[in-house]
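Peer 1: One letter stands for each residue in the lines below.
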Amino acid sequence: MSTISEIPKEEYIKTCTAACAGCSSSLCLRYVLKAAGPDTVLVIPACCTSVIQGVYPNTSFNVPVYNIAFAAAAACASGMSKAFRSAGKKTNVIAYAGDGGTVDIGIQSLSGAFERGTDFLYICYDNEAYGNTGMQRSGATPLGAVTTTTPGGKGEFKKDLDRIVAAHNPPYMATACSAYPLDLYKKVKKALSIEGPKFIHILAPCPPGWRYESDRTIEMGKLAVKTGSWVLWEREYGKLTVSGPSKAAMKNPLPLEEYLKGQGRFKRVTPEIINELQQAVIKNLERVRKEEEGIC
Amino acid sequence: MRERLALSRPKTGACGLTGSWRVFRPVVDREKCNQCGICEIHCPDGVIDEELNIDLDFCKGCGVCANVCPKKAITMVREER
Ligand SMILES: Cc1ncc(C[n+]2csc(CCOP(=O)(O)OP(=O)(O)O)c2C)c(N)n1
Ligand code: SF4
Ligand code: SF4
Ligand code: SF4
Ligand SMILES: [Mg+2]
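Just so you know, the sequences run in chain order E and A.
Residue numbers are given in my numbering: position 63 of the first sequence equals residue 63, and the series is strictly consecutive.
Residue numbers are given in my numbering: position 18 of the second sequence equals residue 18, and the series is strictly consecutive.
Hints are computed from structural coordinates only; laboratory data are not their basis.
Certain hints may be false.
Computed footprint of chain A on chain E, listed as stretches where at least three residues anywhere in the stretch have a Cβ under 8 angstroms from a Cβ of chain A [stated by the list, open to error]: (1) 11-18; (2) 26-36; (3) 43-54; (4) 231-242.
Mimicking DSS-like on lysine-lysine, the simulated pairs with C-alpha atoms at most 25 angstroms apart in a straight line are [claimed, not checked]: (5) A:K11 / E:K14; (6) E:K239 / E:K159; (7) A:K11 / E:K9; (8) E:K226 / E:K290; (9) E:K189 / E:K222; (10) A:K72 / E:K261; (11) E:K247 / E:K222; (12) E:K283 / E:K267; (13) E:K261 / E:K159; (14) A:K32 / E:K226; (15) E:K158 / E:K251; (16) E:K226 / E:K283; (17) E:K251 / E:K290; (18) A:K11 / E:K222; (19) E:K247 / E:K267; (20) E:K226 / E:K158; (21) E:K261 / E:K158; (22) A:K71 / E:K9; (23) E:K226 / A:K72; (24) E:K159 / E:K9; (25) E:K14 / A:K72; (26) E:K290 / E:K159; (27) E:K261 / E:K226; (28) E:K222 / E:K283.
Positions of the beta carbon are idealized from the N, C-alpha and C atoms, including for glycine.
Work out the full structure: start from the sequences and follow the hints.
Peer 2: Next up, the structure:
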């Protein structure tokens, strides 16, 4: 586990972005950039992270950013990485995209870049909806969650993005959560030390979207992990390891309700839906456990 | 030469003084604080420095620092304006 003293003091985001108070995705980006350092280019498709930068001709981001169309982050990053490598440059190319831009509209360009073996890091920060356009449902919205387009609660399960990415057999992929910034820092460092396409999926609680008070943003991420709703792991060259913060939840997860009850978006879920969600958590924990033990 | 690309440049305050958004202000009780740095690590906007001074020009008053402080050394106090 990384310790606090390892983390560079440098900040690559100038005070302050226009993100909502308590935005956990902004916290994640602080640590992504601390791990990546100054020789980094961000590729950002349409999402909250493209609108929080500032108003032209100013930006709060102190690394170069290429803002690109909603569907095209991985395609843009792919060409950019190729150009840097042909020029003999090691510059980190990081696509930082929302869940909508990843699991829905950006998935074909993501798949293409991973199939081509592009040397870059793709990060999906997952606030489980289309945040900047007013919280419409995405493929990453969980079952039962209220969004502006699912006023009665979403009727389908969250798309299993990680298994889609895993099908491309990348050399490194991991999950992370904004509530564990040191774990995220360490994973970004490791990802960038490996050549080829790398993927990190970060759960990023969003106060206005999930309907909880902004001060509880870290608590919310911790509850996602402690209930096993979100499992922290990394898979290096096919070998899966469960990360420290998730070890306890693998054995003794808190009841899922502990996580759901503090969020306005789950206010109206029925006991049946809670049960379905709980069963899905148990099934997923079992799958992760088996993979870690090498059973499947 | 005329710039052909719309290039933004890094600037402090690119989104204005976000401190004006604040409804509650974090106040640190230095007697209770053990300088663990947990508040600084988790501030989404990175407005707490190494000496644990909070930049009130930009602090949005989210309350995350107060919530994560293990010593309960930060109180959120309503702004009067
Ligand atoms: C082709 C296209 N369709 C729709 C939009 C409008 N749009 C911009 S961002 C966005 C949602 C982004 O959601 P997500 O990727 O989850 O990022 P978040 O805003 O949650 O950070 C939408 C629908 C667009 N810019 N381009
Ligand atoms: S809507 Fe959510 S993800 Fe977007 S800036 Fe606000 S808190 Fe962050
Ligand atoms: S978290 Fe609390 S105890 Fe720790 S440095 Fe901050 S104010 Fe002090
Ligand atoms: S209230 Fe929020 S923005 Fe202000 S110092 Fe605390 S964590 Fe940072
Ligand atoms: Mg989103």
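Peer 1: For every hint, state whether the structure bears it out.
Peer 2: Now for the hints, and whether the structure bears them out:
With 7 residues bearing a CB less than 8 angstroms from a CB of chain A, the stretch 11-18 of chain E meets the requirement of three and the coverage assertion stands. Check result for the stretch 26-36 of chain E against chain A: holds, 3 residues qualifying (beta carbon to beta carbon below 8 angstroms, three or more required). Evaluation of the coverage hint for the stretch 43-54 of chain E: fulfilled, as 3 residues show C-beta separations to chain A shorter than 8 angstroms, against a requirement of three. Interface restraint, the stretch 231-242 of chain E with chain A: violated (0 residues with C-beta to C-beta distance below 8 angstroms; minimum three).
Between K11 of chain A and K14 of chain E, the direct Cα distance comes to roughly 7 angstroms. Compliance with the 25 angstroms bound is thereby established for this hinted pair. With a CA separation close to 23 angstroms, the supplied pair K239 of chain E and K159 of chain E stays within the 25 angstroms bound. A distance of roughly 19 angstroms separates the Cα atoms of K11 of chain A and K9 of chain E; the hinted pair therefore holds under the 25 angstroms criterion. Proposed proximity of K226 of chain E and K290 of chain E is supported: the alpha carbons are some 19 angstroms apart, at most 25 angstroms.
Between the alpha carbons of K189 of chain E and K222 of chain E the distance comes to roughly 22 angstroms, so the proposed pair stays at or under 25 angstroms and holds. Straight-line distance between C-alpha atoms of K72 of chain A and K261 of chain E comes to about 24 angstroms, which keeps the hinted pair within the 25 angstroms bound. Restraint check: the Cα-Cα separation between K247 of chain E and K222 of chain E comes to about 13 angstroms, which is no more than 25 angstroms; the hinted pair holds. A threshold of 25 angstroms between alpha carbons decides the hint, and for K283 of chain E with K267 of chain E the separation of about 24 angstroms falls inside it, so the pair holds.
Restraint check for K261 of chain E and K159 of chain E: the C-alpha separation of about 22 angstroms stays at or below 25 angstroms, so the hint holds. Pair hint K32 of chain A plus K226 of chain E does not hold up; C-alpha atoms about 28 angstroms apart against a cutoff of 25 angstroms. About 23 angstroms separates the Cα atoms of K158 of chain E and K251 of chain E, which keeps this hinted pair within 25 angstroms; it holds. The hinted pair formed by K226 of chain E and K283 of chain E meets the criterion: a straight-line CA distance of about 16 angstroms does not exceed 25 angstroms.
With a C-alpha separation of about 13 angstroms, the suggested pairing of K251 of chain E with K290 of chain E holds against the 25 angstroms cut-off. Our distance criterion of 25 angstroms between C-alpha atoms is broken by K11 of chain A and K222 of chain E, whose separation comes to about 33 angstroms. Among the hinted pairs, K247 of chain E with K267 of chain E is inconsistent with the structure: their alpha-carbon atoms are about 29 angstroms apart, more than 25 angstroms. For the given pair, K226 of chain E sits about 19 angstroms from K158 of chain E by alpha-carbon distance, which is consistent with the 25 angstroms threshold.
Annotation: proposed proximity of K261 of chain E to K158 of chain E holds, straight-line Cα distance about 19 angstroms (limit 25 angstroms). Our distance criterion of 25 angstroms between C-alpha atoms is met by K71 of chain A and K9 of chain E, whose separation comes to about 23 angstroms. Restraint check for K226 of chain E and K72 of chain A: the C-alpha separation of about 22 angstroms stays at or below 25 angstroms, so the hint holds. For the proposed pair K159 of chain E and K9 of chain E, the alpha carbon gap of about 37 angstroms is over 25 angstroms, so the pair is violated.
Pair hint K14 of chain E plus K72 of chain A does not hold up; C-alpha atoms about 28 angstroms apart against a cutoff of 25 angstroms. Of the pairs offered as hints, the one joining K290 of chain E and K159 of chain E holds, with about 21 angstroms between alpha carbons and a cut-off of 25 angstroms not exceeded. Distance hint between K261 of chain E and K226 of chain E is fulfilled; the C-alpha atoms sit about 14 angstroms from each other, no more than 25 angstroms. Note on K222 of chain E and K283 of chain E: the hinted pairing holds, with a Cα-Cα distance of about 20 angstroms set against a maximum of 25 angstroms.
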